[in-house]
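Number of protein chains: 2
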Amino acid sequence: MKVLLVYAHPEAKSFNGSMRELAVATLSGAGHEVFVSDLYGLGFNAVAGPADVVTRKNEGVFNLGLEQMHAAGEGAFAPDIQVELDKLMAADLLLFQFPMWWFSMPAILKGWIDRVFAFGAAYDFGRTWDKGVFTGRRAMLSFTLSAPEAAFLPDGRNGDMERVLWPIHAGILALVGYSVLPPFISHGIPFVGEAAMHAELERFRARLLSIEGDEPLFFHPSADIRDYRLAPGVEPATPGQHRGTRKHLPGTISGLR
Amino acid sequence: MKVLLVYAHPEAKSFNGSMRELAVATLSGAGHEVFVSDLYGLGFNAVAGPADVVTRKNEGVFNLGLEQMHAAGEGAFAPDIQVELDKLMAADLLLFQFPMWWFSMPAILKGWIDRVFAFGAAYDFGRTWDKGVFTGRRAMLSFTLSAPEAAFLPDGRNGDMERVLWPIHAGILALVGYSVLPPFISHGIPFVGEAAMHAELERFRARLLSIEGDEPLFFHPSADIRDYRLAPGVEPATPGQHRGTRKHLPGTISGLR
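Just so you know, the sequences run in chain order G and B. Here the first sequence is numbered in the numbering used here, starting from 1 and rising by one per residue. Here the second sequence is numbered in the numbering used here, starting from 1001 and rising by one per residue.
Be aware that a few hints might be false.
[Claimed, not checked] Pairs of lysine to any residue, SDA-like flavour, derived with a Cα cap of 25 Å:
#1 G:Lys57 to B:Val1133
#2 B:Lys1002 to B:Pro1079
#3 G:Lys13 to B:Thr1055
#4 B:Lys1247 to G:Glu215
#5 B:Lys1247 to G:Gly60
#6 G:Lys13 to G:Thr26
#7 B:Lys1131 to G:Pro232
#8 B:Lys1057 to G:Phe15
#9 B:Lys1057 to B:Val1133
#10 B:Lys1057 to B:Pro1079
#11 B:Lys1057 to G:Pro182
#12 G:Lys13 to B:Gly1049
#13 G:Lys131 to B:Phe1191
#14 B:Lys1247 to G:Phe119
#15 B:Lys1247 to G:Phe15
#16 B:Lys1057 to G:Phe191
#17 G:Lys57 to B:Glu1011
#18 B:Lys1013 to G:Asn45
#19 G:Lys2 to G:Leu42
#20 G:Lys131 to B:Ser1146
#21 G:Lys247 to B:Leu1042
#22 B:Lys1131 to G:Gly188
#23 B:Lys1013 to G:Phe119
#24 B:Lys1087 to B:Arg1207
#25 B:Lys1013 to G:Trp102
#26 G:Lys247 to G:Ala237
#27 B:Lys1057 to B:Ser1146
Simulated from the structure, these hints should not be mistaken for lab results. Since this is a predicted model, take the numbers as computed values, not measurements.
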């Protein structure tokens, strides 16, 4: 299969750098074709804006979604985006390798999403979730973090990791149609020492070699949804959805629409 | 009070731009001192890396946390970071105004966090959560999104908004000590028309005028935590923590540490 590895770490001589090298060697060695987007190495522009398109739909007011849609129709994405889109569209497996910063991805990787997952190209109205552009393809996060795993257990200080990952797993990957594989999480890397780091690399190698057989995470299919919500009788079965009491927000519809 | 408004939108003539102008006028009019970090206007560098510091602890290998800690001790942050740190340290209220992209903030705003919330300056070991640098200060998100509110209800297609916000509310703001105020969320803005947009601006104005009396969201205090987890007998009371069954991840500690 074709693999796109999007790698976001400022230092090649880091554990993330070793993970990237290992992924390329392991997947290539298994006969896959591996493309790497080394975002720091590329000096990738992280900031979505007017530079994303070479012709404008509206010269007076910049609306990102409208300009992305226009560029998708005209083939008018900036070259740095088009290169990434071409790799993305070719890839059967999308892998992210990054350090978790602030319960999320580094800005340079978020910027890659903001700019490359463009409206009209990676999704549009009607082409989302299980009707998305990338249905039938697989995606996986691999990331490091300094916190111990205990802090991200369901009753952990930092909250349940599967809820922390919901905005990425659901809001980025599943939303555009990917089958999302369970993440590969490397905890406490700054503190574990050489032997444990080596063991972690071996654990990653084994995971990569079995990745084609991994069972994806569950997200509710469109058939479960009615008027933007789970249909009556559908039991919530993801980390993001529930029918319990809210803790931080009012429970009723209060906004504009 | 002193207010820092961090604003992240590529187009001044946008609804977000109107929200920014309204916030400045309303809060200034109420006697507060308002500072604005217009990240697109500044051309703010979103990418944490070697350019963040003017002297290095380790010239050979770049470790972001270690270099931030070193720069905090030496007063050696890059000027663009130091300017933001000075505003941040002076502010009693931190306001973010942004469009929600991919269930999160635009990369330029995430990059502001990655770079300005520096280890050694905005937090360090022992100075987090209710012992954090920013305890006694308040923070609030204000953001727009195109999706209807129904999609982010507890059983919504996109998952419960309070879970979507957990990585930002908990993992960024509460983690460094802020009292996090309920967010101001403007739904469906591209579709509602002029009258509803005007009404939404008025709703924001009223909210800003009462912001000093707002009750913050609840996060478990350090007294509730034992070994990185809620102590036995402490009932989980946030959107991030629970003692139920996981849906996406294995339930037991499986990583390195």
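Which of the numbered hints above does this structure break? 1, 5, 7, 11, 14, 15, 21, 25, 27
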